[in-house]
Each structure stands twice: as C-alpha cells, then as structure tokens.
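Colleague: Protein chains in written order, with numbering that gives the first Met the number 0: chain A, 0 to 232; chain B, 0 to 232.
Hints in this document: simulated from the structure, not taken from any laboratory.
Treat the numbers as computed from the prediction; the structure is a model and nothing was measured.
Here a beta-carbon is modelled for each residue, glycine too, at the ideal position from N, C-alpha and C.
Take these hints with a grain of salt, some might be off.
Derived DSS-like pairs: lysine-lysine, alpha-carbon spacing no greater than 27 Å straight-line [what the hints assert, rightly or not]:
1. B:Lys207 with B:Lys182
2. B:Lys165 with A:Lys88
3. A:Lys21 with A:Lys165
4. A:Lys182 with A:Lys165
5. B:Lys88 with A:Lys165
6. B:Lys21 with B:Lys207
A short, non-exhaustive set of chain A residues, derived as facing chain B with CB atoms under 8 Å [said to hold, decoys possible]:
7. Ala69
8. Pro76
9. Phe108
10. Gly111
11. Glu123
12. Glu149
13. Ile158
14. Trp176
15. Leu183
16. Leu185
Listed below are the residues making up each chain.
There are 2 protein chains.
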Amino acid sequence: MQALVLLSGGLDSTVCATLAVKRYGKKDAFIPNGDGNVKALSFIYGQKHEHWELEAAQDVAAALNLFHGAVQAPFFPAYGDSVLLNPDKPIPQVSYGEIEGVSPTYVPFRNGTLLSIATVKALEWGCNEIWFGAHAEDAAGWAYPDCTPEFTGAMAAAIYVGTYHKVRLIVPLQHLWKRDIVKLGLEIGAPLHLTRSCYTDNELSCGKCPTCLSRLAAFEANGMEDPIPYQEG
Amino acid sequence: MQALVLLSGGLDSTVCATLAVKRYGKKDAFIPNGDGNVKALSFIYGQKHEHWELEAAQDVAAALNLFHGAVQAPFFPAYGDSVLLNPDKPIPQVSYGEIEGVSPTYVPFRNGTLLSIATVKALEWGCNEIWFGAHAEDAAGWAYPDCTPEFTGAMAAAIYVGTYHKVRLIVPLQHLWKRDIVKLGLEIGAPLHLTRSCYTDNELSCGKCPTCLSRLAAFEANGMEDPIPYQEG
Numbered sequence: 000m001q002a003l004v005l006l007s008g009g010l011d012s013t014v015c016a017t018l019a020v021k022r023y024g025k026k027d028a029f030i031p032n033g034d035g036n037v038k039a040l041s042f043i044y045g046q047k048h049e050h051w052e053l054e055a056a057q058d059v060a061a062a063l064n065l066f067h068g069a070v071q072a073p074f075f076p077a078y079g080d081s082v083l084l085n086p087d088k089p090i091p092q093v094s095y096g097e098i099e100g101v102s103p104t105y106v107p108f109r110n111g112t113l114l115s116i117a118t119v120k121a122l123e124w125g126c127n128e129i130w131f132g133a134h135a136e137d138a139a140g141w142a143y144p145d146c147t148p149e150f151t152g153a154m155a156a157a158i159y160v161g162t163y164h165k166v167r168l169i170v171p172l173q174h175l176w177k178r179d180i181v182k183l184g185l186e187i188g189a190p191l192h193l194t195r196s197c198y199t200d201n202e203l204s205c206g207k208c209p210t211c212l213s214r215l216a217a218f219e220a221n222g223m224e225d226p227i228p229y230q231e232g
Numbered sequence: 000m001q002a003l004v005l006l007s008g009g010l011d012s013t014v015c016a017t018l019a020v021k022r023y024g025k026k027d028a029f030i031p032n033g034d035g036n037v038k039a040l041s042f043i044y045g046q047k048h049e050h051w052e053l054e055a056a057q058d059v060a061a062a063l064n065l066f067h068g069a070v071q072a073p074f075f076p077a078y079g080d081s082v083l084l085n086p087d088k089p090i091p092q093v094s095y096g097e098i099e100g101v102s103p104t105y106v107p108f109r110n111g112t113l114l115s116i117a118t119v120k121a122l123e124w125g126c127n128e129i130w131f132g133a134h135a136e137d138a139a140g141w142a143y144p145d146c147t148p149e150f151t152g153a154m155a156a157a158i159y160v161g162t163y164h165k166v167r168l169i170v171p172l173q174h175l176w177k178r179d180i181v182k183l184g185l186e187i188g189a190p191l192h193l194t195r196s197c198y199t200d201n202e203l204s205c206g207k208c209p210t211c212l213s214r215l216a217a218f219e220a221n222g223m224e225d226p227i228p229y230q231e232g
C-alpha cells in the first residue's frame, strides 16, 4: 500500500503526513526512484505565500524522509475574490471566528482541482491512497466548502469510481478541531516546529492572519507555545 | 443562467453544446467581453491529436457563435498506459465492442481533472452550469470509468458543494447511445459536419480507430453517411 499525501507544510498536512508514515511503517524511507511507501505532493497555484509554503513542505518532507514532488496548477484567477491570490487584496487580520460564510481565503474549487491532479499523480506513482488534511474547523460554518465531509465524500466516490477502484481518498482529520490536531501531532511526533501556516508573503509568520491566529490558539489550548518564530509587534 | 460547455469538437460535445444553445436561447451570441450565455472550453492535455481536436472545437464554437477558451492541463504521464498520450503506443484499430474492461484510450482521471478545472473557469466566468457530453456508450462495460453515472453523480455533488452551491454539473447525454446522439444532433441542427473524433494525429480521420468506428456505425444506424471526410483505404 502506498499513500500520496497532499503537503502544504502547514500544521494539518504535516500531522496528516506523519500519520501516513506511522500507518505504513518504516518502509517509507526516501528511495531515489520513488519506491517509498509515502509520497508527498505540493502545489503552486498562485498563492502569495508560495515560496514559504514550498520551503516548509520541503523541510517537513525531508524530516519525514518522504519523496516530495510539486506541481504547478495555474488555473486560479489572480484578480478574483480570494485574498490568497489577489495582489490588491490584503490578507485580513482577523480570526476565522469573526468571518461569516465563505472565507475570503477560499480559492475557487481549489481542493477539487488539486485532489484531481493528485489522483492523476497517484495513478502515475502507483499510490492506492490520497491523504488529505481537511478538518472540522475548515468545514465549520462552511468557511471552506471544499473541506466539508459532504465535499470530501463526493470526491472520494468520484476518485474511487473514476480510477477504476484503484485510488481511495483518506481524510483522517475530517472530524478533528485544530486543537485536537496539535494534540495528535505532539503525540505522534510530527515535526510541528518545521511547519508554516501564514498566508502572508513574509519570511516570518505574521501572527495576525486567520490561520496564524488559529494555530496560536490551538497550541495555547494545549498549554504550550507555538514552536515557530513570529514577527514582532 | 450561463453554461460552460466542455468542447472537444467531437460528436458528443458538439451535440451537448448545441443543446445548451437551444436551452439558453438567442442571447448566447458571441460578445467580445464574454457575456454570452454559453461559453465553450477546450483542453490541451497532451493528446496526440490535440491540433485537430482544437481546430474542430474552434470550428464548432464559431458555428454556434460561442465564446471559446482553451486551457493547458499538462498533468498526464506521456509514457503511461494511455494510447492517446504515449508516442510509443499506436492507436488500436478496433471497435470499442472488441475492447474488454478499461479502454486503452482511457487517460488516468482525465475527466475529474478537466471537470475540476472547468469548475474554476465556471466560477471565473460567472457560469452556473457545466455541460459535459459523457454518454451511455462511454460508460458501457466500464470502458471509461470517468464517464459513468456513478462518477458524474459524485462529481456533480463535489462541484455543487465545493462551489458553495454556485455551479451544477449537467450531463444531458448520460443515458443516450451514440446512435441516439447522432439522431438528436440531426434533429436540433448541430454542426456535425464540423466535428472530428479521430484519435490519430492526421488531418483526415482514419476511419479505423475505436472512436471513428463508433461514429461511422452511429451514422449508419441513422441511415446516412458520416458527413466528414476520411482517409482512403
């Protein structure tokens, strides 16, 4: 059994990747021809923070000893509604709790597109499973409709049928909240100190955007400080 | 209501596009800023016949007066199992009826990927519906698992949920056979004479590959000759 893990280098995908490594044992060491049991895939889709995301994903993949690939997916409109893409729209400095309905950080049907491309790669790489780190806080209040159980369930069916029953979608964090994910990550030794979640295009995480605030709160709920550095002030 | 039609310039997508034009009336005339009611989208994904496919799609879009875009989707492994992509594997000269199980012309999870990218484009272009020409003969015997009702139903759900209920997938030919599609196309005045189905990279259709044989039989079942030219011999 081989697993392809979607890896952004954030908290969720790093815990997801670590779970996959735990699940499929020690054979997942990096092998130059790509025969490891767990493979990581990152995406460059026009996100402002792509440089830092990719750097974090590389660090995490190296720490977990994973084969790691990256794919360009330049389909998303830069000047649309998404603050993750639009250079004219600053990343908001609010928590997800203050956002109603669809999040301004939603990228139109991004996860459907990335999961589909991941499916093509899974077939190419001989992976039977795709592991995807969507979780309950993503889905809460429909902030990210493409992280909900309704969405992942439908995609799981499309992937399974559309690949002739060769590939399954696994969403191990679907019903966990961010605090639970940090707790789980600590328990299984995920390299949380190498992760980066921030949506800004700065080397140091801002500590003020929705995803920074979310991870800071999740570490605090576990009675500890977030191990990564933040900008001062 | 605006519809985005996946248009390869083959029989099925041309009939599908003509149906969409019929459905959404005369407002779908081409408007330079893309405000027409029906928009067509083609894909360049490494298929050997891409030049001829795109040319046919352009001709059909022009005949139907549609806004027409094309997207590059270079994710599919050229040297894999698919005869549509692999330069070392010739297009077989057999009918679909002689193929058992998955077709050698299946491109791994192509339709999931193309439908996902189409969804991104539908949101960008303000289209509420995606029209997709998958049909009963594609699905028969699981030749194309990503054309089955099970697949399109799951994708329809993923698209609807994942776009925050903004986009629906419409598969109007799902339960028609090729002969029925030709019949329907003739009835509604689809520009069948401009279509091209052949999988070979030749200007004239070969008349011997699975999709050529399928359309030739479908016209014959309707008591007429296929209106497009074929290679001699």
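Colleague: Taking the hints in turn, state whether each one holds.
Modeller: Verification of the hints:
1. B:Lys207 with B:Lys182: Holds, at about 22 Å.
2. B:Lys165 with A:Lys88: Holds. Lysine 165 of chain B to lysine 88 of chain A sits at ~23 Å (cutoff 27 Å).
3. A:Lys21 with A:Lys165: Measuring from Cα to Cα gives roughly 22 Å; hence the hint holds.
4. A:Lys182 with A:Lys165: violated, 32 Å
5. B:Lys88 with A:Lys165: Measuring from Cα to Cα gives roughly 23 Å; hence the hint holds.
6. B:Lys21 with B:Lys207: Distance ~33 Å between lysine 21 of chain B and lysine 207 of chain B Cα, so the pair is violated.
7. Ala69: violated, 12 Å
8. Pro76: The hint holds - proline 76 of chain A has a Cβ within 8 Å of chain B, the shortest such distance being about 5 Å.
9. Phe108: holds, 4 Å
10. Gly111: holds, 4 Å
11. Glu123: Check passed: Cβ of glutamate 123 of chain A comes within 5 Å of chain B, closer than 8 Å.
12. Glu149: holds, 5 Å
13. Ile158: holds, 7 Å
14. Trp176: violated, 21 Å
15. Leu183: Since chain B brings no Cβ nearer than about 26 Å to leucine 183 of chain A, farther than 8 Å, the hint is violated.
16. Leu185: Where the cut-off is 8 Å and the nearest Cβ of chain B is about 31 Å from leucine 185 of chain A, the hint is violated.
Violation of the numbered hints given earlier is confined to hints 4, 6, 7, 14, 15 and 16; the remaining hints are satisfied by the structure.
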